[in-house]
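Required output: the full structure, derived from the provided sequences and hints.
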Amino acid sequence: MKRMNYYFLFFPFLFAINMMVAQTKTVTGTVTDDKNSPLPGVSILVKGTNTGTQSDFDGSYSIEATSSDVLVFSYVGFKTKEVSTGILSSIDVSLETDLLQLDAVVVVGYGTSLKSDLTGAVSSVGPRDFEKQPIFRVEDALQGRASGVQVSKNSGAPGADVKIRVRGANSINGSNQPLIVIDGVIGADLKLLNTNDIASMEILKDASATAIYGSRGANGVVLVTTKRGQGEPTITVDAFTSVSSISKKLDLLSPQEFATINNVDVMDGGADYQDEFFTTGYTTNLQLSISGKENKVGYFVSGNVLDQSGTTINSDYTRYSLRSNLDLEFNDNLSVQLNINGVHDQSLNIISGGIRSSPDARGGIVGIVGWDPTIPVKDSDGNYNFLGGGSSLINPIAQRLESEDYFTTPAVHTNLNLSYDITPNLNLTVFGGLIYRGRIRERYNGVPAGTALGNITGASGGGSANHLTTIQNSNILTWTKSFNLHNLKVTGLFENQKSVSKSITANGGEFSLPANFYSLNLGTQPRVNSNLSKFHIQSYMGRADYNFDRKLYLTGTIRTDISSRFRSGNRVGVFPSGAVAYQFRDLFNNRIQSLKIRAGYGEVGNQAIPPFSTFSTLSTGSNYPLNGTTESSGIGLTGGNLGNPDLTWETTKQTNIGLDATFFNGKASLSLNKYWKNTVDLLLDVPISDFLGGGTITQNIGEVFNGGWEVDFNITPIKTDDFDWNINANYSFNESEVKSLSNGVDELFIFPVGNISNTTGAYVQVKVGAPLGQFFGATALGAYQIGDLGGTPGDARYLHDNDGIVLDVIGNGVPKHTWAINNTFVFGKFDLNFLLRGVHGFDVMNFTRGKVSLSGGIQGGPTYGEYRNRWTPENQTNIPAGGDLFVNSTRFVEKGDFIRLSNLALGYNIDARGFINTIRIYASAQNLLTISDYEGYDPEASSTNVSSGTASSIDYGANPNTRNFTFGLNVTF
Amino acid sequence: MKIKLFTKSLLALVTLVSFISFCINCTLEEENPTEARLDPGSLNSNPALEAAVAGMYRQFTAANQWGFCWIRAYGADDLTAHSAWNKQGYRDSDQMVLSSVSSRLFLSYNPFYTTINEANNIIANRENIEGTDETTNYFIGEAYFIRAFCYFHLTRTFGRVPMPLDNNITDNLELPKSEILEIYNQVESDFLMAESLLPDKYPGVPAAIRPNNGSARAYLAKLYMHWAGWPLKDTSKYAMAATSAKAVIDNSSTHGFALVPDMMTLWSISDENRFNSEIVFGVAHNATLSGRYSNRHTGRLGYPWPVRGWAEVFPEYTLFNEFPAGPRREATFRTEVTYRGNTFQWDELVDNQRGVNEVHPLYLKATGFLDEISTTNSATNMTTYSMRYADLLLYYAEATARSGDNSSDAWEALNKVRRRAYGHDINTSSSPVDLTSGDLAELAYTERKWELAGEFKRWDDLARMERVAEANANRSPLEPVGPILGDTSPANYFAPIPQGELDKSPHLID
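As given, the protein sequences belong to chains A and B, one line each in that order. The numbering of the first sequence is this note's numbering, which starts it at 933 and goes up by one. The numbering of the second sequence is this note's numbering, which starts it at 858 and goes up by one.
Careful: at least some of the hints might be erroneous.
What the hints assert, rightly or not - Among the chain A residues that face chain B by a calculated CB cut under 7 Å, a handful are:
#1 Phe-1623
#2 Leu-1624
#3 Thr-1628
#4 Asn-1801
To be clear, the hints were calculated from the coordinates, so they are not data collected in a lab. Predicted model only: the values in this text are computed from it and were never measured. The beta-carbon is built from N, C-alpha and C at its ideal position, and this holds for glycine as well.
Right, here's the structure in full:
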């Protein structure tokens, strides 16, 4: 390895010699826009080299070049222009506005590319796409912006996890969330990022683009680049406040109706538990940034304070974020970037990342919907009425009000980027990244969730502390060369990433006195545990981009990852990819300005198992009071993980073809992609028979196919001095099919939201030949009528055959079609934006409704409004009055399709005076309108885990998305 | 100036490159699981063995927690549940229409196997234990006992079931069902092994909540009773049942086994009552320590909806009506409930949610005492009596008679139970309660019906004597669940293997 050092040492000398022999001159000039105003900050580059400069405040520049050089002028929002220097020493250029941003520089991972030079399927989302939306979550910025990228807000709880799928789900047991890379740091957390800090986001969709991330690229990659200082010092202040509420209430029996049906009395007027549980949420978001560039120092510093209260009682979320992005051009060769981002977020009573509304699945929203409405929250003495009937024992309002479950995440993301131009053609970038993230949970439940009130006080508490450190070093060597019409760029990477996560958990059990979390010693059943998880990935990557005259493009990459998660012999993964594209220009009498056709293939991996998974273990903590009265500590060993030493990566092989066209004189663009993805050697948790103790063993077995197509369309129908209209539309279609599972097994049955009662057993099926997300259950046939055989009149009737009840697929929760249309109008000082989204071709399993529609669910008696019209001898309807309740039956599977007005915003730009550059005030509404036949609160809400590939759209007390009204102010100085 | 900058940047480059070479040298190490996980090889000492035994009992608690663990027992004439709600599984069993999808049937299956899995792991590590002493044998003996107990339960409930006996899971994936005789042979061998390893009395426990060699022998008696009856019908086993029971009775003081004087105290959860001499083997529940150890087939589960009960464990009307009067009747049923300050007779607790009146008699055995367990407490400390001494005495009487013998000891065993039932001193013969003539086998068999009513035992007795149809012939039309719908012949005695298991193990489908 020492030899390599010497080899590199020669480069500076070669460069010095090279400088001495070149015939250079100084070229100067001014850069202006199409209205002849000077453009500061334009990047001017000698083509095929890394030599470059920027225009100053007056738009003027000065650069050293030879007469054979070509100067490339580029600036965000303008078309790139190339000018040969020839004999000129003064070159003035005027840049044209680029409506389609074709010449924008896009980040592709370990480097950049011009958008028009891309050979893979990459979507770009920038602030101009979402700046008209008052948002503070990055996921909101991505939603509806790019085809093939489905962002589902499964929970309306503040700070909840958001589900992102790039071209469907590949993995049955692994996570299906895309890889997040923020400023080159792999595995960062989107939730902690201030949206105001984002300069651009690129979503790598096909394997020819994602293969450079090798074993972690299979679910697509979201690359986020934060803002850097440029030009004059600018201060931006953005403040908004929102008022949120749920947009719908369910039709439930009134206290009197419930009392009449159940022959009980209404106590003190009863209560409307929906009104008791849902409330108005308030959000205030304040963002401040200061940026600029002076001489060789650029800076972007920002701060963000977000304070959000939930639309369910006693829940909130706060986030504080500070960032400093510093750029230093040390000299012509060396530049330095340092990014520091410190974040602190905290949520109160946001359960399981927002997918639940109570620690006990029967509590929370399911609990309030099913609660006995004849019993008010408190009795006349002001004490809680803790008990109802049925299985949901504890009053869900009392449970929430008396709970303090805090989740705190302090995090620091930093990275240092040293870029050194060894020669004008050769650059070495050394990158060091550090993620530090803590996670502290402090839980105190004054009232238990679920069915037992406890013996002593009912209060309990517990917590955990987790400490994660990830360090990353990436070393990138880039060689760029142009000769004649050939352009070549070769990138080499050597990278190491190590991560260590340590945690301690402590639970007190039931407290001897009502107290608080900080009196954990009062716990009568203390439990402690600790955990260590760590991994190391070492990677080599090479990439070659070649184009001939920017017409024919070829890209090839190969990445090798070595992962500590697998045993030696299985731990090296090689992930190749290649793509080809051809760019046609000015076709059909210039009706089409450009048309590029692309094709690519690549293989990417998913190392979807936790560290130490290949080893069998004993698990601890199964204590037991062997003498019947006391429990010894430190006992209770049981068989733990069943390790499979042969595990290795699951691999996704993807083929993509596409075309990109621009027409209407560059006012419109169309991009089409079609893809086929096969994920093989799935890291599948193969169920072990219950007679062997149940559980699973992970094996590399099985195959899942995803295929689909997607289209993005962008047009500016009108652009005049005082009226601009831009439309951005996208559509995606994805279909999956399970191709194979383990030997001899062609179906798996799973319980994505737990093993719940009133089901026929498993309610989601994974079956060979069928798509992912299949709901499984009984076929409801209404109620038995008088004279029907096989059941009592009025009882629920299900499809039977000779073997008993017929169980089959009864729906599918994975949307097939998603689309969005984003319209922006600028008329004079006003701007208007609306974002309309549609999600189609899926069902929702409405367990919330199921649980309260018939006796035996949450309560002894049903509470759903429909029960008014149940079968009686006098009113022989098809709505069952009794009998078996199966919530996984066709009765509770509903069409989930919806169209939603995600954003409607009206802004006004006030004339700015003095030191103020711009002032914009705006009012907006999110989720103002949802068109859907879904009977529940929200068809987008789901209780399934956001990383799940097998199930989605199960509403078991899912937190609905809220309707927000926002007023805001944006000022730049 | 330029030169200086150049030198600086050269230095910077050298630094960068050395940084890289430093990183190249950082090797990727193999995972070392002992750094962060507990290796299965750690099960190699007595303390580790005791910890594993605790882990086994933790699983075993789950096999004794809910009424669903004995779901097949609802096919008998002593048990019923609410007619609607989420009681479908009980109802299906009650009406003899259990199917593989009957709700929570798996609770009669899965937790027994998870327990067996732990027992197998303990037994497999027997040779690895260093520093063995007599307690090593006790621990291993318990594992054999619990494994036998679980397979015996499984084969009584499901008939032919797969029978893994080692901890090599990956080799056992395709294990077929064993024949019932094979299972009985294995259960016998395990109980014998347990008997040879366990002490006369388990040290450190207040009652036989951990088995002793007497518990193992008593279970052999029960095994032989079933072996002699349906489905194997090897009547030669009655004699073995009688000898086995006799052996335990003769050594009852060594084991600490005796009837408690007042049957009522069996359902009290105070420590002096819940740990008692009548436990031949039982599970000590402890809801106070954790809900995981609690008994969830008593308390709230035995009350009806009007007092906010969960309505899972009720007597059937015929049994209730025919039950002989006396202290045992008082100690079996609850006839009065005080709820929110009002006292109700059992037949005043009318649930008419479905528009029809639903009323059930109540088991005191299930509800416990109101001053100890409220009507809304669904997690209690009540002991699960796997086998009471009264149970063993009656087995002895019945086995003796069915094996053709007619000893006075056997009559005495029956009469001890009867004396307590009718309020007499257990050890003093008393007329006319004492029986001295008649069909001892049938007298003891019927006595079991009264003595053990509501304890999930009646089904076992009906099945081994093939009397399910006969017993259910007298079913009251008042039963809210409705009439028997399914086949009451032995062909329908076994429960089907739960659907969840069939899905995972299609080779178990017949």
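Would you check whether A/Phe-1623 satisfies its interface hint, that is, whether its CB is within less than 7 Å of any CB in chain B?
holds, 5 Å
Closest C-beta approach of A/Leu-1624 to chain B relative to 7 Å, hint status:
holds, 5 Å
A/Asn-1801 was flagged as interface toward chain B. Is the shortest Cβ-Cβ separation under 7 Å?
Violated - the Cβ of A/Asn-1801 stays beyond 7 Å from chain B, reaching only about 15 Å at its closest.
Given a cut of 7 Å on the nearest C-beta pair, is the interface hint for A/Thr-1628 held or broken against chain B?
violated, 10 Å
Checked against the numbered hints given earlier, this structure breaks hints 3, 4; the rest are met.
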